[in-house]
Structures are given as structure tokens and as C-alpha cells.
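**Q** Now for the letters of each chain:
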Amino acid sequence: MPGKLKAKIVAGRHLPVMDRASDLTDAFVEVKFGNTTFKTDVFPKSLNPQWNSEWFKFEVDDEDLQDEPLQITVLDHDTYSANDAIGKVYIDIDPLLSCEAATVISGWLPIYDTIHGIRGEINVLVKVDLFNDLNRFRQSSCGVKFFCTTSIPRCYRVALVHGFVEELVVNEDPEYQWIDRIRTPRASNEARQRLISLMSGELQRKIGLKVLEMGGNAVVGYLQCFDLEGESGLVVRAIGTACTLDKLSPGTAPNTTTHTNTHTLPNTAPTSNACNSPSKDSKEPVFSEDPPHSLSGPPTPLRTLPSSSPPPFSPSKPCSRQSSSSDTDLSLTPRIGMGSGGSVGKEAGPLKTLLRQHTQSALEQREFPIFTLTCFPPGFLVHVGGVVSTRSVKLLDRIHNPDEPETRDAWWEEIRQEIKSHAKALGCHAVVGYSESTSICEEVCILSASGTAAMLNPRFMREGCLDTGGSDHRLSRQPHPGMVGSERGEGEVSSTWLGFEDASPPSCGFVHIPYDEFNMPFPAQLTYCYHCRRQKVPDVLFTTIDLPAEAEVTGKGCLIQARLCRTKKKAQGEVNATSISNLLPFMEYELHTQLMNKLKLRSMNALFGLRIQISVGENMLLGLASATGVYLSALPAPGGIQIAGKTPSDLSYDQHISTMQKRIDDTIAKNKELYNIHPPKLFTLDPEAFTGLNTECIEEVVGSPIPDRQRSSRLFRSTSESSDELSELDLSHGKKDAFVLEIDDTDAVEDIQSLLTDAPIPAGFYSCNTEVMPGIHNWTSGLQMFTSVRVYRLSNANLTNQGLNKIFTDLCENLLKSLYFKLRSMIPCCLCHLNFTVAVPEEELIQVAVTAVAMSFDKETQQAADKALTRGSGENEEQLQFSMELCGESTISNNQPTAKPSGVPESAMVHSSRAPSVDYGSFADRCSTWLELLRLKAHTIRRGSVKTISSSERCSPLPEGRSRSLRSTRSLPCGAPVTVVKMTPLSFLPGTRIVKYLGIINMFFIRETTSLREEGGVSGFLHSFIAEVFAMVRAHVAALGGNALVSYSMKECVFMENPNKNQAQCLINVSGDAVIFIRESDQEAIPPLLTSRQTSSTGADGTT
Amino acid sequence: MSVELDVFVVNTTIMDEEVYQLWLDGYTVNDAVKVRMEGGVLEGCEASAEVLHSDTMDQYRTFQMCERLLHSPVKLANQLLFQIPPHRQVMLIERYYAFDSVFVREVLGKKLSKGTKKDLDDVSAKTGVTLKSCRRQFDNFKRVFKVVEELKGPLVENIRQHFLLSDKLARDYAAIVFFANNRFETGKKKLHYLTFQDFAFCAGQLISNWTVGALGDYNMVEDMDVDLEKEFLQDLKELKILITDRDLLDQHKSLVCTALRGKTKAFNEMEANFKNLSRGLVNIAAKLTNTKEVRDFFIDLVEKFIEPCRSDKWTAGDMRLYLTHYTNSAHVLDTFKHQVVWDRYMGVIKSCILKMYHD
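Chain order of the listed sequences is A and B. All residue numbers in the first sequence are consecutive under the numbering used here, ending with 1533. All residue numbers in the second sequence are consecutive under the numbering used here, ending with 342.
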């Protein structure tokens, strides 16, 4: 009996009228956990009942605590007939089971009914008394922390990364049980909601057990998905990365980890000194310890996964036709781009091989050296190979025995094995940024997995040899993803602690190729790294991870999407599966070509956060690839796009081609301006490095030839055949054309069309699908999370592929345009983590759902911040300081005191006194010309006063502050105002510090209506449902004591309608991490200007 | 290809104030799109009419979902469905309860009944305010009326607390409620020149001086701010002596004339009309016990006093002078014993007439 769950029902409010006669309600509450139910008294005739119940106590196993939700049902008492249910609240107890998460759930939670939506709110108190369970054979895993965040959570440091954990639970879908024919839709929906809640709990518990077995205490990058397989059942599956996390004590937190920027470190004296000194000591042990370990064979044993997964590789089963397109993927992915750092590095060759062997031995013991993380502690990522992905088409069959989910397990097992082998082919021993997804249509299911092949630092994998102290503090420093490009110091640190100072130069190590230069798995154009000049790098790099903090980027990035639509014949069973799997490789190929072209068009050379989604419908397949393109300074400049015609005789045809060429060249030039891509010219490099280059390298820089191997590579089936391609490579070497598109190729025409029809992004906007935009640092606290869903009906059924493509592209473009328009008030702003999901819910219907966060930033200080960051000081302070400096400078140089920011004399004083400290030296580096610098200065002067106002504006009228003032002026009958809960798909909130993770939020809702028209049609129905889901998520976060949900995602949004019957149904699954954040300014000395912000943030504290 | 479903939901509800106003004004989505296009919202954005239409639809839906909450604004502050920053909430409520003065002028003093609501299309046609907007405004009046009708305590304060309105707007609603409750006639042709603000001012005067609540005693009866104090109205009858007693009337006249002589160009007319005007005002006072006569209060003031003065070309200054002396002189009359009632009556009458005396 290791746990006691206690619940108290306090009150209700805004209840619906259940008794038409009196316009009132006689409400009471049933509290249910497992098979035990308690009831409150009936509170008669009130819409705002005060039950103030006793504490209802449930004595239960902790296993049940993990699996079961607490179920609260509000009912209307009826003397003569059956009591009417008003609605329910499911409360996930899990956050209360970890001592580091929440301690109590208390607050107003919406009462939800699957037919009517939110019907009032209920105030509850829930606590858990947990007794320690020392039973070795226990089935529970209480205390294992779960994080949706795909990086190391901000107030923790990682001691060890254990590796991949996965689990899968199957059941019959209640919607398809026979009983569903006789029960009400409400009962059916509730059964489904409850079942999924149970299954999620069970899944989490089982994963927790695996983590405990591995010796970890947390799961990071936890990704849970539902497969609604219809008749054949319901699958809930999850993957994650098991870690051992240590909580940072609150005292050290602000100066080390959790700080949204690491740049405070060098300058903040006492604490960082304390941290730095052991780090020096740590070097030695690191250095001496590493080689012996690797020599003495496998280091501390890694526990292999307790294999609930069946033995690897069961070849295609008789019951399910399977066909994998993965081999084609391989030939495609690598072709496009990879990292480098081959084992033949000049100076550090032997050492490197050593490291490599070592790491491999550490990793190869695992069944799956796979990590769901996308953002890593410094030094974790050594080299990146490229994207690896696998798709497999399966036929679904009924799951006969829910306790034996072996078929599904085997499917995924196969896929992971394949991923692993792909990574190996790229000379990598691990896969990072890994994710899995499915697309189901009738009985056909496409399973997809993708990740980034990488070489990792083994230090994080081993136990025991990790000296705490120095390296720990480095581990714990979670660099801010926004701080890229300015982390030279950081990079050096991480290289030291690899123990190979020369081997991995700062900040560019991860782009070096991991595979052998002379035995490449695929053709690639290698050059010497533009940063260190010592190692080889590929010409283009595709990855699924976030941009590493140490990476140096030139200019800004942007969202790059490839969209594709392919018709297919309607078919059944195996025929259908075969035709789909035959189509897949072509789709992947075309998506890659599109991505490549668009990347070149933007004059960029790397993709991050690549996510390729292929959705299957009855008569078409949709492909959508999204990624964030950047220009990595360490990689060669991309060449242009060359259009070549096949019949050069025709004059008008030539003309046509040349106009096309011109348009493309113009666009490239325009994009270079737009994204501020001005890479340093070759001659600016120091001569020493220059002499180190061989002639081949120079040639590449000039022309950067990429062989025209598109057509041929189609034929290649796998990376192992790369030798053929190598010869191909040699043949094409002489061509000086950068990237050739042959216009005769109908695909190419299409490509060019789509290239040039991409609408330019409006001024003031940036967009990316990674955590944050490279090149933007000075975020304000203004952010807006949104979800947009659109469903389009294709009016005529006989569309060609090309027509469909055009439509699909337009859909996505229009959706983006719409977003830009709606969010125009936030300019300058960046849409981050733009996550598109496409589906084909029915024949002729295309559904596109987008979730993202719009974050505004300060334009005036944009450049300034770049510089400020390199100087290494607190973000807020620095930002402000620099803008002041500029103003101060202006007043002095212009001799016009009137140019000072009006209305804030004190700050103006500060400006001028600060002015002498202005140092444009490093700043100028960032600006390509003096002229630009001057322009920028003038701009700042002009906008000086605006800037001051906007910053104070941004600070003072925070919702929290206001709600407080409201409270004082109004007498509210129903208690305190609602806590403001921020939501973001990112792992952080700019300008704030996350001080506590309260637990994972994972909720599943169903909403159904039989009065679609009355609820405003499909749009009205879905709009209110999504709003309700947001509201419920916010309420649960607030009840845990939190004020934000980070790493939010809407995993599932299944919408079905039947307008003829006036019915619709929608399922939504959302998840994220509930956190408490505080404003950064609370911790720091606050300039007078910011006092208003301080007061408002204390207001925020009050509400948390 | 057609858009079957199109929604955009944000965590912190953003509302475009311009679109909100269009919605409040009863524009259809298509009309609103047209207005927005003409307003140049698309300038600087690379967006099409389609985008604008979708945005307008989204906002309209949000407003419709919010409308239920706006009906009881206190709920808006502690509801969970929409996360709206408090200053936006204030804006939403204030705008929702704002009304068109042309519209309110039409229904002022009318019974807030279904019958009146049925006639709103006529009002709409007459005023140019859309029917939808008319209905919203009418429903707002009715809702406020219903809530405060049952409540004790000062009217304005009650409205402000229950509907979270600004002081100005709460006062206007108090006037509307007061007029609706007492059914003051405001629609006669002779009253057309008066604006809602004129009436609202008068209502304020009446509420703060002639109701039970005016005495600051809120413990006795219910809805004291909405009805005129019965006792006071009874007492007003006593004022009749000023016109029925010939001596008193003459005495009053001579006192006033002495004070006015040489101070105004309209002296002759004042002297000639004194008895008529005085009769008019005192008769109004004496008749107020009768609820029917109460309804005619404003028309009586205009007919019996303002119109004669206007035809004699009194200036506003003349009016003030006359009324001041007219009121004060009564204090000097030794046989006139009802000084308190007289002051309470004339204080309101004077300020009302001064407010209403314009073109």
C-alpha cells in the first residue's frame, strides 16, 4: 500500500443551468480513482456551489497511481429521474509522484463534457502521500521525471545520457467495439478518453521502469503518439532519451545553467570562478583517463535495454505485407549533404581514431544508439553525418491480444535497426534528433522514422568516470539556442574537454565529416573547413537537430519548405500498399530536390530541424518537408543554380532559358540581401591557412561544382553502391556550373516554378521551424502561441500531379501569408518552431495544421546585441546598455541634446555617461561596411525615443500586473483572477528563467457535436474546441502551480465531419512541460528604467 | 478548390479593435472586409482579400464566443476559456456596452419590452444603425435594467460593479434605466431638439435629488434610486400656494422684477410673462404625484417654460439670471413655508432647464 491519494472538492462556479424550471442546478460531485468512488453532498439550487468536502482518501498501489487518472464527475441531482452528468475532469496524478515536481494540485479546472464542451469550473485540491517502495520487483516507476523538451531541461544538469527508451501499448478502440452501437456518443467518447489516459499512464510507467533499470532518473525528449488504427485497434507508443539528471541548487542556478544565456559566465566573478577553477583541474583526469578506457575495451558496461522489444529483425510476416523504401532514402540523403571530420584528420589522426573507437565501443553495445534530443550540452555532439530516414508501408490487421503487442513492436524494431545501419553507413555510431511518426489511411499505414547520424562524445554515456566538478559545470551549462555564432569561448571549452584540443577546433567540429574521405559512402564535394582549415567538410549539410549553440552562422536563417502531392489509384490491401511503397522513393527524391533548390536559391548551405512528413490518403499522397535553412560559416558558399536546355538550337527557347536564369540569379541576390548573407571573401583568411589548402580546394571555392548527378542518382539503390557514384563524381568534376537544372525535364520545370512562386516573406517577419532563429538574439517577452487548422476541398477529382502540387503549394503559402497578416502587430517578429502537419482525412480533403510561436524582438538593438553577446555579459543588461550607448554617442557627436530620448531624463543621463565605453571594433566585424554601420546608427538615433518607450511599455503593462490592479478595484464574487499561463512550443521563454519543472502535461480530448450548424459550422466547432483545449491545458498548468507550458505540441488533431447529419467529431492530443518561470530582471540589478517591470513581475510571482 | 474549414486560435486572445467595432456595428463579414480594405489595412502587407476575409471570420467567431461572457462582464475576468489581458477586457466590455446616441434617443423612456424590440427595425431604418447593432444595444439596456432593478444601493454604483463599466458609461446607463422605469416621454416632436446627453444630465439631477436614495438612506426600501420619492412628490403639492395665493404671486413677481431690473434686455418680457411662467413651473410640481404626469415632465418643461422664453428671445444668461432670482426670491416671502421642498424642486428644475435651453 505505498500511496495515499487525497482529494478535496472545494467549490464550483459558472455551472450550467440544469433545471429549466428554477434556472438553477443541484450539483454534487463524484470522485473516482480506480474502483473506489466517493460523493459529495448535493449543494442545492446554485450555479456556484460551495461543497467544501472532507478529504477523500484513496489507498492505492503506486502502480495504479501512475496508470490511473483521478476522475471527477459533476452531476445534477434529480429526485425523480437519473442524475444528469454535467461534465468531467481527469487529473493526471503523475506530477505529484516526483518529489522534484509539483506537490499539490489546486485550482479551478474546467468541467468538460465531450458533447457540450466546457461547462463551468470546479475547484479541487489533490495531494499524494507516497511511501518509499524498496521492492526490487516493483512494477511502478514513481519519481522518474518526464520532459517533452528535447534538450537538457534548464534547471538540471546532465550527469549521464543512458540512451533510447521506447514502449508501446495496444488496445481495442472503444469506438469500434460492438457495445458502441448501443451506447450514447458521450459514453463512447468518455470510454475512449479514459482508455487513452490509462494507456498513457501505463506507457509512462513502463518507460519509467526501463529508465530505472538503466540507472537513470529521467526521460528527456519524451514523445508520445497515438495511432488510431480504426478497426484494428488503438496504439499508444512513446520514445525518449533516458538520462541521469542532477537538479541544480537554486543558488548556483542563475549563474550557470538555467540562465537563458551563458555569456554571463566569464564576467560574473565569484560564482563562475568557483566553477571555473575545478574545470581546469578536470582537464587532466579527462586526458589521462580517456585513452586507457578505450584501450581496455568497453568501458563501464552499459545496460542494454531490458528487452521488451522482440528479437531484432523478423522478416516480413505473412500477415502484413511490408515494403521499405529506405534504401532509396539512403541514396538520397547522403547525396545531399553530410558532416565531416574523417578519421584522417591531419594532426589529430590517431587521437581521433582512438576517440572514435572508444565511442563506438561505448555505443555499439546498445541495441539502439538513438537519441531523441535535438539540442545538446556543449561537447556532446562531435560530428554530424547527415539525415537518416526510413519509411515502411504496412497493412494493419486486428490486434488480437492486447497484451502481446509484438507485431507493432517488431515493425518499429525493424525500422530502428535500419536507421542504425544507415547511420553506420555514414560512419556514425549514433542517431540524434530522432523521431517517429505514422500516417494511416484505412488499413494502410506508413511508419516513418528519421534522425541525424552523428558521432557523440562518449563521456556522457559512461558511468563512473565522469568527474564531477569542473566538467559538470560545463555540462550543466545549457547554452541558449539563440546565442549561436558568438560562442567562440564556449567552443574552446568544449574542445578542451574532449581532451583533443587540436582535433576539434572550436565551433566547427560538428560539421566535419565523420566518414572516411577516401571511402565515402556517397558522393559529396569535400572542402577544407572554412573555419579551421584543417578538416574536411561537405558542401551541404542536412540535419534534423536544432542548430548547435557553438555553430557559427552568417546572416539569418529562414523556413524552407518542399511540398509535393502525388495522385495514386484507389486500391485495396496489398495492391494499395505496393503502389504506395513504389511512390515513396520518388516523393522523397523530389522533396529533397526541392529542398536543395530552395536552399541554393536562398544562398544557404545547411538545413536544421528537417522534418519530412508523408501522409497517405485514399487517392493521393502528400509530402511536406520543412526545415530551417542557414549559412554555416564553416561550409563552402553554395553555388548558384544553372539552367540548361537540351535543345540549344532554338533561339526563342534560349531566350526563355536566359530569362529564367536571370530571374533565378536575381532572386538569389535578393535573398542574400534579405537574409544578410555576406560571407567573408577568401582573401580575408589568414595566409597561413590559405597556404595549407591544396589546389583542389581553391578550385572548389571558385566554382563549387556539384555534379549533375540527379538523374543518375535516382537509379542508385543504396549507399553501399557508392563506388559507382564516385566515378560519376570524377566525371562531372570539370563542370563549373553550380547546380544544373535541365529544363527539358518536366520535373525541373515544376521545380523552377515552385522555386519562383514561393512568396517572399513580408518585411519585419522571419520564420523558422527550429527553436529559435539563428542571428536573432534580443527577444522581448512578447510572444504568442497559435494553432491554425485549415481543411480544403479539392473540387474536381481529375487533377494532375502538377495541378495538385500547385494547389498544395498555394495552400501552404496562403496559410503562411495569413499568419503573417494576423500577427502583423508583433512586427518585428519571428515565427519559431513552425510545425506543419498535413493529413488527408477524406478523399478530396486536405488538412493542414500549424502550431508555432510568434516572438517579437527589438529591431533597434539587433546588431547591437550581436556585439553585446560577443562581449559576454548579461543579456538584458547588455541589450539595454548598448542601446543607451548608441544614444549617448549620438548626442555627443551631434551636439544636439534634444535628440535624446524624450521623457526619460535619467536614462539619457546614463547614456552619455556610458558613451566613452563604446567599442565599435568587434561590432564593425558584423557590419559589412562602414556605411551600413552609419545607417544603423542613424536609425537608432531616429528611433531612440521610440526605443525607450517601447522598452518601458513592454515592461510595465504585463497582464499579471494588471490583473492585480483589477483585483483591487473590483469585487469579484468568485475569488482571485485567473493566472496568466504562457504556452510555447519552445523549451524556454525569452527574458525569463525556468526555476522549476512541475511535470509533464499530456492530455487527450474528444469533442463531438450533433448540432454542427448551431455551433457555427465546422470552423465554429473546431475554433471553440481548440480554445477549450488551450483553456484546459492552462488550467491544469496553473493548478500545478505553474505559469507556463514549454515544449508544447499538438500531436494529433483528427477532425471528422458529416455535415449532412449535422455532426462532427474531433480528437486532440496535446503535451508539454508545466514550469514555473521568473523574469530574469528579478535576479539582476535593475536600471531605474525597469522598475516598472520589476513591480509587474512581482505581480507574476504573486499569482504563481 | 474551396476552404472547408479555417480557424486560427491563439493562447492570448488578440482582437483587432477595428474589427471589433465593425462587429459591434453589425457589419456582415463581407461588408467588414470591404470596410477594412478601404481602410487600407492591406497596405504594407502582402496579403489578399482572401486573407482578410479569413482573418475577419476568425475574429467574428471569437467575438461571438465572447459575447456570452460579455453579457455578465464579471465572468469575463475569471473565465478560463479565453486568456485576455485585463486592459483588453476593459476595452471589450466598454465597447460592447457603448451605444449610439441616435439609437438611444429613439428608445429613451420607452418600455424595454418585447414590443419595443419588435419595432427596432423601424428604429434601425430611421437612425441608420444596423438592426443587429440596435438589438445589441437594446438588449444591453434591458439586461442592465433587469439586473439593477432588483438591487439595493446607489444605481450608478450598482451598474459599475455588475457591468464593470467606466463611470461615464455607468451614469449613462443609470439615466437609461431611470428613464425606462419612469417612462418619461421623450419622443414628442417638441423634444426632438434635445440630445441624449441633455436627458442624461437631467436624469442625473433627478436621481441624485428627487429619489429616496438622494437622501443617502439606503436601508429602508428596495430600488430607491429608480423611483422618485413619493413623499417628496406629495410635498410638492404644497408649492401651489405660490400661484393660488394672489398676494404671494404678486409679491414674488415684484421681488424678482426688482432684482432683474436693468440687468437684462429681456426684462420687459420677463415681467410680462412672470405669472404665466411661474404658474407653469408650479403646476408641473403639483402634478408629479400622478405617474402619468411624471411621464410628461420634460414635455411640460418645454411647453410651459422653455418655449415661451425662447419666443421672447431670452439668452442663456437671461435664463440663468431669471431662475436664480425666481428661486431665491421665494425665500423672502414670509408666508411661504415650504422652503426646503422649494429648494429641492427648483434646484433640479433650474439645472434641467438651463441644460435644455438651447436650439
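Because the hints were derived from the structure by calculation, they are not lab data. Bear in mind the structure is a predicted one, so any value in this text is a computation, not a measurement. Backbone N, C-alpha and C define an ideal beta-carbon position, used for all residues, glycine too. Mixed in with the good hints, there may be bad ones.
Sample of chain A residues facing chain B (criterion: CB under 10 Å; computed from the structure) [unchecked claim]:
| id | residue |
| --- | --- |
| 1 | 431 |
| 2 | 463 |
| 3 | 657 |
| 4 | 836 |
| 5 | 961 |
| 6 | 1107 |
| 7 | 1214 |
| 8 | 1215 |
| 9 | 1413 |
**Q** Next step is simple, just say for each hint if it's right about the structure.
**A** Each hint tested on the structure:
Contact between residue 431 (chain A) and chain B, as hinted, is not supported at the beta carbon level, the nearest pair being about 34 Å apart and thus beyond 10 Å. At a threshold of 10 Å, the smallest CB-CB gap from residue 463 (chain A) to chain B is about 28 Å, leaving the interface hint violated. Violation of the interface hint for residue 657 (chain A) is found here, the shortest Cβ-Cβ separation to chain B being roughly 19 Å, above the 10 Å cut-off. Among the interface hints, the one on residue 836 (chain A) is violated; its C-beta lies about 35 Å from the nearest C-beta in chain B, farther than the 10 Å criterion.
Because the closest C-beta pair between residue 961 (chain A) and chain B is about 42 Å apart, greater than 10 Å, the hint is violated. Look at residue 1107 (chain A): its Cβ only gets to about 25 Å from chain B, farther than 10 Å, so that hint breaks. Of the supplied interface hints, the one on residue 1214 (chain A) holds, with its beta-carbon coming within about 4 Å of a beta-carbon of chain B, less than 10 Å. The closest approach between the C-beta of residue 1215 (chain A) and any C-beta of chain B is roughly 4 Å, which is under the 10 Å cut-off, so the hint is satisfied.
Given the 10 Å rule on beta carbons, the hint for residue 1413 (chain A) holds: about 8 Å separates it from the nearest Cβ of chain B.
This entry does not satisfy hints 1, 2, 3, 4, 5, 6, going by the numbered hints stated previously.
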